[in-house]
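Novice: Read off the chains here:
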Amino acid sequence: MNRSLLLILFAVTLSYSQEYYFYVAAESDDTVSLINFDGETTTEIERIPVGVMKTEIEGPHGLTVDPSGDYWYLSLAHGNPYGSLVKYSTDTNRPVDKTTLGMFPASMQISSLTGLLYCVNFNLHGEMKPSSVSVVDPETMTEIKQIQTGVMPHGSRMSPNGRFQYSVAMMSGELFEVDALTLEVNRTLNLDKTHNMNHKGMYHSPVKPTWVTPHPLKPKVYVAGNGSNEIIEIDTEIWEITNRIDTGKGPYNIDISSNGKFLVATLKGDAKTMVWELDKKNPSVVSNNSSVTHGVVISPDSKYAFVTVEGVGGDPGLVDVIDLKKAKVVSSISIGKQAGGIAFWKIEE
Amino acid sequence: MKKYTFNLIFSALLLTTATMFSQELVVKSNLEGLTMSVGETFKPTSFAENLKGEKIMCQAVIYYNKKGVFSTAKAVTVNRGEGTIRANEPGTHEIVALCIGQQGQRLSRTFPIQVDFPKAKEIKITLSASKVYEGSFLPLDFEVVDEMNFTRKNEFFQLSTDSDNIKIDAFNNVKAVSPGKAILSASFDEISTSLTIDILDNPVEKLELRASLDVARTGDVVSYEAIGYDSAGKLIEGLPFSYTFSGKAVDKSNNASGLIMNDGRFVAEVIGDYMVSASIGSSSVSRPLKVVGRGIEREVLKVGKGVVTDKHTSDFWVFEGVDGRDYAVTGTWGADGTSFFWDVTDPTSIKKIDSVKVDARTVNDVKVSQDGRISVISREGASDRKNGIIILDVSNPYDVKVLSEYTKNLTGGVHNVFIDNDHVYALSGSQRYYIINIKDPKNPVEVGMFEVGKEGQSIHDVWIEDGIAYSSNWRDGVYLVDVGNGIAGGSPSNPVAFANYDYATGAHHATFPFKSKSTGKFYTVLGDEIFPDGVDENNPNITAGFLHFVDFSDLDNPIEVAKYELPGQGSHNYWIEDDILYVAMYGGGVRIVDISGELLGDLFRQGREIGYIMTGTSDAYIPNATMAWGAQLYKGYVFYSDWNSGLGSSKVSELKPDNSKANQYINKTPIID
Numbered sequence: 000m001n002r003s004l005l006l007i008l009f010a011v012t013l014s015y016s017q018e019y020y021f022y023v024a025a026e027s028d029d030t031v032s033l034i035n036f037d038g039e040t041t042t043e044i045e046r047i048p049v050g051v052m053k054t055e056i057e058g059p060h061g062l063t064v065d066p067s068g069d070y071w072y073l074s075l076a077h078g079n080p081y082g083s084l085v086k087y088s089t090d091t092n093r094p095v096d097k098t099t100l101g102m103f104p105a106s107m108q109i110s111s112l113t114g115l116l117y118c119v120n121f122n123l124h125g126e127m128k129p130s131s132v133s134v135v136d137p138e139t140m141t142e143i144k145q146i147q148t149g150v151m152p153h154g155s156r157m158s159p160n161g162r163f164q165y166s167v168a169m170m171s172g173e174l175f176e177v178d179a180l181t182l183e184v185n186r187t188l189n190l191d192k193t194h195n196m197n198h199k200g201m202y203h204s205p206v207k208p209t210w211v212t213p214h215p216l217k218p219k220v221y222v223a224g225n226g227s228n229e230i231i232e233i234d235t236e237i238w239e240i241t242n243r244i245d246t247g248k249g250p251y252n253i254d255i256s257s258n259g260k261f262l263v264a265t266l267k268g269d270a271k272t273m274v275w276e277l278d279k280k281n282p283s284v285v286s287n288n289s290s291v292t293h294g295v296v297i298s299p300d301s302k303y304a305f306v307t308v309e310g311v312g313g314d315p316g317l318v319d320v321i322d323l324k325k326a327k328v329v330s331s332i333s334i335g336k337q338a339g340g341i342a343f344w345k346i347e348e
Numbered sequence: 000m001k002k003y004t005f006n007l008i009f010s011a012l013l014l015t016t017a018t019m020f021s022q023e024l025v026v027k028s029n030l031e032g033l034t035m036s037v038g039e040t041f042k043p044t045s046f047a048e049n050l051k052g053e054k055i056m057c058q059a060v061i062y063y064n065k066k067g068v069f070s071t072a073k074a075v076t077v078n079r080g081e082g083t084i085r086a087n088e089p090g091t092h093e094i095v096a097l098c099i100g101q102q103g104q105r106l107s108r109t110f111p112i113q114v115d116f117p118k119a120k121e122i123k124i125t126l127s128a129s130k131v132y133e134g135s136f137l138p139l140d141f142e143v144v145d146e147m148n149f150t151r152k153n154e155f156f157q158l159s160t161d162s163d164n165i166k167i168d169a170f171n172n173v174k175a176v177s178p179g180k181a182i183l184s185a186s187f188d189e190i191s192t193s194l195t196i197d198i199l200d201n202p203v204e205k206l207e208l209r210a211s212l213d214v215a216r217t218g219d220v221v222s223y224e225a226i227g228y229d230s231a232g233k234l235i236e237g238l239p240f241s242y243t244f245s246g247k248a249v250d251k252s253n254n255a256s257g258l259i260m261n262d263g264r265f266v267a268e269v270i271g272d273y274m275v276s277a278s279i280g281s282s283s284v285s286r287p288l289k290v291v292g293r294g295i296e297r298e299v300l301k302v303g304k305g306v307v308t309d310k311h312t313s314d315f316w317v318f319e320g321v322d323g324r325d326y327a328v329t330g331t332w333g334a335d336g337t338s339f340f341w342d343v344t345d346p347t348s349i350k351k352i353d354s355v356k357v358d359a360r361t362v363n364d365v366k367v368s369q370d371g372r373i374s375v376i377s378r379e380g381a382s383d384r385k386n387g388i389i390i391l392d393v394s395n396p397y398d399v400k401v402l403s404e405y406t407k408n409l410t411g412g413v414h415n416v417f418i419d420n421d422h423v424y425a426l427s428g429s430q431r432y433y434i435i436n437i438k439d440p441k442n443p444v445e446v447g448m449f450e451v452g453k454e455g456q457s458i459h460d461v462w463i464e465d466g467i468a469y470s471s472n473w474r475d476g477v478y479l480v481d482v483g484n485g486i487a488g489g490s491p492s493n494p495v496a497f498a499n500y501d502y503a504t505g506a507h508h509a510t511f512p513f514k515s516k517s518t519g520k521f522y523t524v525l526g527d528e529i530f531p532d533g534v535d536e537n538n539p540n541i542t543a544g545f546l547h548f549v550d551f552s553d554l555d556n557p558i559e560v561a562k563y564e565l566p567g568q569g570s571h572n573y574w575i576e577d578d579i580l581y582v583a584m585y586g587g588g589v590r591i592v593d594i595s596g597e598l599l600g601d602l603f604r605q606g607r608e609i610g611y612i613m614t615g616t617s618d619a620y621i622p623n624a625t626m627a628w629g630a631q632l633y634k635g636y637v638f639y640s641d642w643n644s645g646l647g648s649s650k651v652s653e654l655k656p657d658n659s660k661a662n663q664y665i666n667k668t669p670i671i672d
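Chains as they are written, first to last, in numbering that gives the first Met the number 0: chain Z, 0 to 348; chain Y, 0 to 672.
It is worth saying that the hints were derived from the structure and are not from the lab.
Just so you know, even glycine gets a beta-carbon here, dropped at the ideal spot from N, CA and C.
Careful: at least some of the hints might be erroneous.
[Stated by the list, open to error] Below, computed lysine-lysine pairings styled on DSS-like, alpha-carbon distance capped at 25 Å:
(1) Z:K144 <-> Y:K27
(2) Y:K453 <-> Z:K97
(3) Z:K86 <-> Y:K453
(4) Y:K407 <-> Z:K144
(5) Z:K327 <-> Z:K260
(6) Y:K27 <-> Z:K128
(7) Z:K144 <-> Y:K453
(8) Y:K407 <-> Z:K248
(9) Y:K65 <-> Z:K86
(10) Z:K144 <-> Y:K73
[Unchecked claim] Away from chain Y, derived, C-beta distances all over 10 Å, residues of chain Z:
(11) N185
(12) T193
(13) I244
(14) K280
(15) D314
(16) V329
(17) S331
So here's chain Z without its partners, still in its complex pose (with noise of 0.2 Å):
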């Protein structure tokens, strides 16, 4: 009886299985895909198109979900010249406002503390002078202030408490730390090794970060040395670098679980994703099922890492999804070309 009586919890249990629901851009396609994963499959739900001019490549690049969840951003990289960002409905998957940005712009998130939505302005355009992080405020969709930081800022992330946003400087090799209350450039740190800072002319970070995320729990952040190979952490509170991790190639973009537990790098050179649990010396590498390995986002509930892949020419854009524990990809979805930007939605029972 009492055996039965667990049998039938167990399936109970099982059939309340979890279903996760993200949003990826494929850049080279100008779409977005609404995606589900039940546990076991993934589905794409919707495939949207995104921008204007049906014979020009507008770029989706980065992606976020506001806190409540009833809407989510879409930066456009390419635009005259200047990108934009675009606010959807997640009921309906339609724009609802738009503002432009400032040139390239890609990475962002919306702070839980003022409301604001901060995005850098990555400007790919060669041009190696400093960019800019754009400060918009999502309800009346107006560019408030472009706080200036480093060349190439890529990976913008606000602190668990929303006070600071943290973006890095692909070129200048810094990571900057804005106030996310007085719009000004909070702290900066420089990233490279040696300290022969020199932003006229062509320098080029031998780091090359791009991108940096803070740890829920603790006052550090952590960065993808992409040029170096390493993932960087910094101490917030001393604002210095407190350990360099040795990575694969070219460690991308970064996500670390909510639980405090597991950092997520994407591989780009490698087409592998790694998966380090915090406490542990060793990281675990996960072979990508295409190459160019982009971006990531790890589940709410520290189960999953959705990691996208792009492709190369011709070839689809992948969402692979990784078992955080078992450090196995699970599942995995063809999508639009040149997969990038993903942002985790909602969790339904």
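Given chain Z's structure and the hints, the job is docking chain Y onto it.
Specialist: Then chain Y, alone, in the frame of chain Z:
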């Protein structure tokens, strides 16, 4: 213990504030109802208030101009360091106060701010005619200059007069009723002015209206000249005639429409009988004009196709190879970086002969050097994000070879390129173009760069002819740049801009220079690219925009004189040769248009279309879905690329269209050919 107590109290305070923020709140601010003067600075204070009127302090308040950060938002600026706003321009502007609660809950409100116009310093009424004759209306302009030297054109201030010989209506139309002196008065903002007008006797006893034609075709520009004589039969110089027209179309459901200019030029759009009139005061003269069809329609036959069945096709170029045979190259869009090469020596039998695949998703543009040896293709969506251009050896189009890749300063993606005299002109990041010497095509070298140099500068295309680069710069219009012509001392390494024209829509996408064989006039033909409803993958796209014909005969004073607009379809790329326009109008196919003679007004409505080609095919990537990309006249054949179909060729016949299969209820209107 003390620390815990403090934390408890602090937490309680935060909880209280958080609870209060969860109530219905509104932002209160001294911005409400604020009126400022230009140059004035104001320090706003704002807080949240609940329905009981209880005040809740914000952790921080962020103020911003609702227009954003660009130059359009300079009317009111925010100084966050000082916590102030400053009024810079008159008008009504919007400032948003964003209150950040102690727990981070946000609350915002938009406040309209009135910035008063400075007090008027001077008001002006200007009469733009040298002579005013009885019976005529006065051409007047109005202007206010204020104490800060802001000028307001056509500010409405009601005119008045004590003179009996002029009449003023409620809209400030002033009619000269009888000869003599008249005084017009006006006041505005406690400033007054007056204008004295000499109204002359109408000296005209006899009028004559001369015309360049009495029978014209639709689209022909007819020049009228009115001449007045006094009672002695003497010619009166400098009479300010007004020209008008009326008419009756052959088609009873149509209007006899056209365009008449102040200088007496008239162009009719439809077949019919017109009456052109010139008047001065109460005297007028008319002259009939018979308008017939142009008789230019020709049968256009599709003769060959090179279908691309698995990808979208982008731009193309047809060229004579070093072996004397004829070839074409086509790009692909949103695909795998392939370009196709075709033998088009026999346009009725187009053969795919080679392809080149590079690391890209879109090869938007393809061009071939004048000697047929080098091709340059553009890259967007390269996996290493370096994009740039690829230089190809096409001296044997059956075996195309990659010579080099060039990416310096072109990493944001190259959308369009042009080759001219060993130089490639390559667009960079939608902002500027770089000029690259390819004399040694394996080792390209950057030698120059051109950009408009304005905030938000943008570019979509560049075309070179006779050492002049014509760049299409969206809202900044066309720039004519000397890159070797000599007109402004420019060269590829020293490009010098010498002329510019822009227009209101700001959608300037492509330029083709056009020297009219029939008139000798020099035009730039400027094309729009507009998708008014954005992209709809599941339905045919709505396109808009048209070609603007700008008379550039006087480089310092270009004048937009005509347009070609196909109703319901937008323009893309085009070609002009022998006074004939071949224009890809997306879903409207390729349109072949007679642009001979003087150009004035709406060319489509003037019946100038010779014929058209619907470029879709049944065996295409997307079957039967015409989406014409570009057109090129080559050795008597009209070649074209179609986004959904690939490459095609057609021939404009000498024959009139075969109407034997036309709808029996359509009667063609008569023409004189």
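Novice: Evaluate each hint against the coordinates.
Specialist: Each hint tested on the structure:
no. : hint              : verdict
1   : Z:K144 <-> Y:K27  : holds, 23 Å
2   : Y:K453 <-> Z:K97  : holds, 23 Å
3   : Z:K86 <-> Y:K453  : violated, 28 Å
4   : Y:K407 <-> Z:K144 : violated, 30 Å
5   : Z:K327 <-> Z:K260 : holds, 17 Å
6   : Y:K27 <-> Z:K128  : violated, 41 Å
7   : Z:K144 <-> Y:K453 : holds, 20 Å
8   : Y:K407 <-> Z:K248 : holds, 24 Å
9   : Y:K65 <-> Z:K86   : holds, 17 Å
10  : Z:K144 <-> Y:K73  : holds, 13 Å
11  : N185              : holds, 14 Å
12  : T193              : holds, 25 Å
13  : I244              : holds, 25 Å
14  : K280              : holds, 33 Å
15  : D314              : violated, 8 Å
16  : V329              : holds, 26 Å
17  : S331              : holds, 19 Å
Taken one by one, the earlier hints fail for this structure at numbers 3, 4, 6 and 15, listed in ascending order.
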